[in-house]
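Construct all of the structure, not just a fragment, from the sequences and the given hints.
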Amino acid sequence: MKLLSLLFHSREFHRQLEESRSKLYRVAYAWCHDAALADDLVQETLSKALSKASQLRDAKLLQSWLFSIMSNCWRDHFRRLRGTEELDGLDEAVLVSDSSPEEDHARNQIVSRVRTAIANLPMGQRQVVTLVDLEEFSYAQVAEILNIPVGTVMSRLCRARKELKMALLVQQQDWSQVAIRRIK
Amino acid sequence: MKKIEHVSDELINSFIDDQLSADEKNQLLEAINADPELGAQVCDAQRLKVLVSHAYQRTPHSAQQGSRGASALLKYRHAMAAGLILVVGTFSGWFAHNWWDPLGLQSGRQQVYYLQPEQLAAKWSGQQKVVLHVGSSEPGKLKASLDQAEYLLNRYHHAGRQIQMELVVSGGGLDLLRADVSPYAERIKSMKATYGTLSFIACRQTIDRLQKGGVEVRLLPETTQLPTSALDEVVTRLQQGWTYVSI
Chain B
2 MKLLSLLFHS
12 REFHRQLEES
22 RSKLYRVAYA
32 WCHDAALADD
42 LVQETLSKAL
52 SKASQLRDAK
62 LLQSWLFSIM
72 SNCWRDHFRR
82 LRGTEELDGL
92 DEAVLVSDSS
102 PEEDHARNQI
112 VSRVRTAIAN
122 LPMGQRQVVT
132 LVDLEEFSYA
142 QVAEILNIPV
152 GTVMSRLCRA
162 RKELKMALLV
172 QQQDWSQVAI
182 RRIK
Chain U
58 MKKIEHVSDE
68 LINSFIDDQL
78 SADEKNQLLE
88 AINADPELGA
98 QVCDAQRLKV
108 LVSHAYQRTP
118 HSAQQGSRGA
128 SALLKYRHAM
138 AAGLILVVGT
148 FSGWFAHNWW
158 DPLGLQSGRQ
168 QVYYLQPEQL
178 AAKWSGQQKV
188 VLHVGSSEPG
198 KLKASLDQAE
208 YLLNRYHHAG
218 RQIQMELVVS
228 GGGLDLLRAD
238 VSPYAERIKS
248 MKATYGTLSF
258 IACRQTIDRL
268 QKGGVEVRLL
278 PETTQLPTSA
288 LDEVVTRLQQ
298 GWTYVSI
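For the protein sequence lines, the chains are B and U, in the order given. Each residue of the first sequence is one higher than the one before, counting from 2 in my numbering. Each residue of the second sequence is one higher than the one before, counting from 58 in my numbering.
Restricting the straight-line Cα-Cα distance to at most 25 Å, the calculated cross-link-like pairs of lysine-lysine (PhoX-like) are:
hint: 1; chain 1: B; residue 1: K61; chain 2: B; residue 2: K49
hint: 2; chain 1: U; residue 1: K246; chain 2: U; residue 2: K200
hint: 3; chain 1: B; residue 1: K163; chain 2: U; residue 2: K82
hint: 4; chain 1: U; residue 1: K82; chain 2: B; residue 2: K166
hint: 5; chain 1: U; residue 1: K200; chain 2: U; residue 2: K82
hint: 6; chain 1: B; residue 1: K166; chain 2: U; residue 2: K186
hint: 7; chain 1: U; residue 1: K246; chain 2: U; residue 2: K186
hint: 8; chain 1: B; residue 1: K24; chain 2: B; residue 2: K53
hint: 9; chain 1: B; residue 1: K49; chain 2: B; residue 2: K24
hint: 10; chain 1: U; residue 1: K198; chain 2: U; residue 2: K249
hint: 11; chain 1: U; residue 1: K249; chain 2: U; residue 2: K200
hint: 12; chain 1: U; residue 1: K269; chain 2: B; residue 2: K24
No lab work stands behind these hints: they were computed from the structure.
See the structure below:
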């Protein structure tokens, strides 16, 4: 009976990891804007999660734990590339891929504009704003995931949204010119 | 109630991210009611949040994504993780996380109104276009969505002004328009008959998800089904300059 229970929980753990995959990928893509790199990050994250499963002490913390692993993988990726440079100081040109077919196709679309604005944010701000806006993590959770103080989360978020507002809402007038689409 | 002296950007962010206590929210709502400019700032902040979320709803997949790669990795790792079963097996509450995420935005978090109906009714002089969104099956929210819609429509009609309104439901909010679930079928029928500019709109994605789970979805005849998701509709309306009110 106990063995069956253990097997069930193990399968549950794997199921939870599988279900988390799309969430992780979405945020990874928002960080790097590169599909292949985002996929690698997620694979590495899941792999580490499996090998470090014993470190997860509270199942309710699974999501923030996974994103914390992914943040470390992301940091390690750049350390491998650039020694010990901090993410905030990275050359954004390295991080922004603007030549994917989807972006080419949708360059004039709102999605493309928002992604470009996000990609132009310093990495620290980008990580905070995507964790809050895409996954609805609390500020305290984001602080834990990125291993930074809550105050830093708030200040980065504030700066990020100021930049996004400047980049996106000034285009509001252009958007309002779009003809109203009937949906019936 | 203690009044807020200065509303900082950090406070607005905390408000739209649901990081404030109930008292703090009330204080800020009071401040918003008293200051239309502040209300507009909060709307802008919420609009940005919606836009960011929308921008990553559909991400391009790499060649490995969705392939057998992930499953194969997990199956391979299954053996390696077998030794950890004892630890994993003691955990409980895997299902505590709410996977039901109506818009991909809310994750079960309670949203608060950031534009009060009185403010909305008083602020606009031309034709108003409003999209109300409800993504929760919480009874109070379902009722509040109809109350707010009716209040605004009444105010505008009595003032001889035009208002176009969409009440968009998704996730649990679909209960409002489900024929066999909604407690408000008669009220919705009456509102639709009274206000020609009011549309009740259901999220296609939510309907598909329910049907995939074996749930038969029957909608009230007043309902218009979206071709895609509620999020697409909200973003489209935001682009067109509509006012967005989250219930």
